[in-house]
Amino acid sequence: MYPPRGKIDHFIPKAGLRYLFTHPWQTFLSSIGIMLGVAVILSIDIANESSGKAFDISMESVTGKTTHRLLSRQGDIDLSTYIKLRTEAGITISAPVIEENVKILIGNGYTATFLGLDPFSEREFRNFISADLTGDNTELSQLLSSNNKVLIPESFAREAKLTIGDTLSLKWGDGVLRVVCAGLIKSNEDVSGNRIEQFLISDIETARKLFNKGNFVSHIDLILTPSEVERITKTILSNPTLQLSTAEKSNETAKSMTEAFRLNLNAMSLLALIVGLFLIYNAMTFSVVQRRRLLALLRAAGVTQKDIFIQVMAESIFIASIGTIGGIVGGIFLGKIMLGL
Amino acid sequence: MHYIEIKNINKSFHEGDTVHKVLDDVNLHLNEGELTILLGRRGSGKSTLLNLLSGIDIPDSGQIFMNSTEITLLREPARTIFRRKNVGFIFQFFNLIPTLTVNENLHLALELTDNFTPEGKERAKFLLNEVGLYDRRNSYPDVLSGGEQQRIAIARALVHNPGIILADEPTGNLDFKTADKVIEILDDLVKKNGKTMVMATHSRELTGLADRIIEFKGKSIIVSSQRQN
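Chains as they are written, first to last, in my numbering: chain A, 1 to 341; chain B, 1001 to 1229.
Among the hints, a few may not be true.
[Stated by the list, open to error] With a straight-line cut-off of 25 Å between C-alpha atoms, the simulated BS3-like cross-links for lysine-lysine are:
| id | chain 1 | residue 1 | chain 2 | residue 2 |
| --- | --- | --- | --- | --- |
| 1 | A | K161 | A | K171 |
| 2 | B | K1192 | A | K14 |
| 3 | A | K171 | A | K209 |
| 4 | A | K209 | A | K103 |
| 5 | B | K1121 | A | K14 |
| 6 | B | K1085 | A | K14 |
| 7 | A | K103 | A | K234 |
| 8 | B | K1085 | B | K1217 |
| 9 | A | K234 | A | K249 |
| 10 | B | K1085 | A | K306 |
| 11 | B | K1181 | B | K1192 |
| 12 | A | K65 | A | K53 |
These are computed hints drawn from the structure, not numbers from a lab.
Start from the sequences and build out the full structure, keeping to the hints where you can.
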């Protein structure tokens, strides 16, 4: 009863394709509908992914390759603990860090994390203080030899129109601190153009003096193997005021702060998906409804429902391909615009 | 020999809660090579019967045999295949594919019935000459007049050499002069090719051509009469 398999009718596709080409505006509008749908989904997804990545990069910039962090339950941690770590526990890959939140008094003000780091211990943890200085190492020597010298991210310097040698006023508690920009950090933040958090970096001695830390630091960053964790537990952690936490756990607080931000982006992404699907569905429905008479005539001529379905699917794929290519280009363009907002 | 046998056919249409019974226990037989005219007012059930004979629609109950095949037992895809191979349908509104040329409309009918061969193409050429429109073979239907479109539709209905031609008010959309010309061509071609034809019409003027006249009076009474030769 059925025609032999594998036989390709060519007058049916011809009739369908001619309709598309003889009604260019309908075809164009259908493609535009799909293009918009794809562009909306893609652009929101790009913005969402980029923001998430920027956050991760920002967190990584601050924590680096740290696996564990030694903290004091009483707040700051005594530097004698740092010495004990090296001598008693034999942990050599460790870096003392002073971390404070400040407000940079430029324009409406920028909230920033001030990091006081030991350049000699940092190479294993974060690379921006030892390798990524712009120009030669004059700034590094300045950072070490002079007081109140800081490094700032290059992108932030560009945005705040700061150059090397400029003085910055930082609000810390009730007081105002003055620091000088000694160099710029080429941070990974430029990957997306979005910044979750700004940070300033100084030599740990400068930070101790600025924030009156005396012989204390905020925490000690560590890169530990399981056996070293065991060693620290037996020696250093005999002092009940000290605690060893994983870097992931330390980041959890910051992560929870940005959870709402991520939730909003996810909601927006889902909304974009629904809007996009609706646009695509409408475009395809419009395309089929417009050709209802032609499809009915083909049925009357003896074309089976299956052949009509295959024909409609083939034409939909054709229109969708044009729309998708345009949508990808448009989506990337829109995504970039949204990231710039 | 009966080419078509219709046994106890019932067909109703539902419109909301109202049921319109169009065919009520209809029994008929049509002979091979005969021209049968279904005569009746608009809405009397002529087109419904043609749609049932062609397999476009199915009855609520009853049996239809065409050339010994019980088409009422066939599922939809099989009915479509059966229809396109065995039936040539001429519609009131021509139903030519607007995006295919005259030639391609005929070639589509050939392709659907696996007759798109050099012989099939030659037959298409012959029929276009017969209806006097070979010169318009590369034109699209929308540039042709109503009469010309119906002549193309007649050629398309015959091109794959079906066993039966069904014509639903073939002159219903044409002026008198054009209608006469179309009927003349249709009658000539059908008789020349020895085809069985069933034509639905509300025009009594055409009954002179018929071998058999089936008149639709009311909902259930069908009067069949034989032309006296």
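Each hint, compared with the structure:
As the CA atoms of A/K161 and A/K171 are separated by approximately 19 Å, the hinted pair is consistent with the 25 Å bound. Restraint check: the Cα-Cα separation between B/K1192 and A/K14 comes to about 33 Å, which exceeds 25 Å; the hinted pair is violated. A C-alpha spacing of about 15 Å is found between A/K171 and A/K209, which places the hinted pair at or below 25 Å, so the restraint holds. The suggested pairing of A/K209 with A/K103 holds, with an alpha-carbon distance near 18 Å, which does not exceed 25 Å.
The hinted pair formed by B/K1121 and A/K14 meets the criterion: a straight-line CA distance of about 18 Å does not exceed 25 Å. Under the criterion of a C-alpha separation no larger than 25 Å, the hint pairing B/K1085 with A/K14 is consistent with the structure, at around 21 Å. Between A/K103 and A/K234 the CA atoms are separated by roughly 40 Å; this puts the pair beyond 25 Å, and the hint is violated. Taking the CA atoms of B/K1085 and B/K1217, the gap is about 32 Å. The hint is violated against a cut of 25 Å.
The hinted pair formed by A/K234 and A/K249 meets the criterion: a straight-line CA distance of about 21 Å does not exceed 25 Å. The hinted pair formed by B/K1085 and A/K306 meets the criterion: a straight-line CA distance of about 17 Å does not exceed 25 Å. Between B/K1181 and B/K1192 the CA atoms are separated by roughly 16 Å; this keeps the pair inside 25 Å, and the hint holds. A threshold of 25 Å between alpha carbons decides the hint, and for A/K65 with A/K53 the separation of about 17 Å falls inside it, so the pair holds.
Consistency with the previously given hints fails for numbers 2, 7, 8, ordered from lowest to highest.
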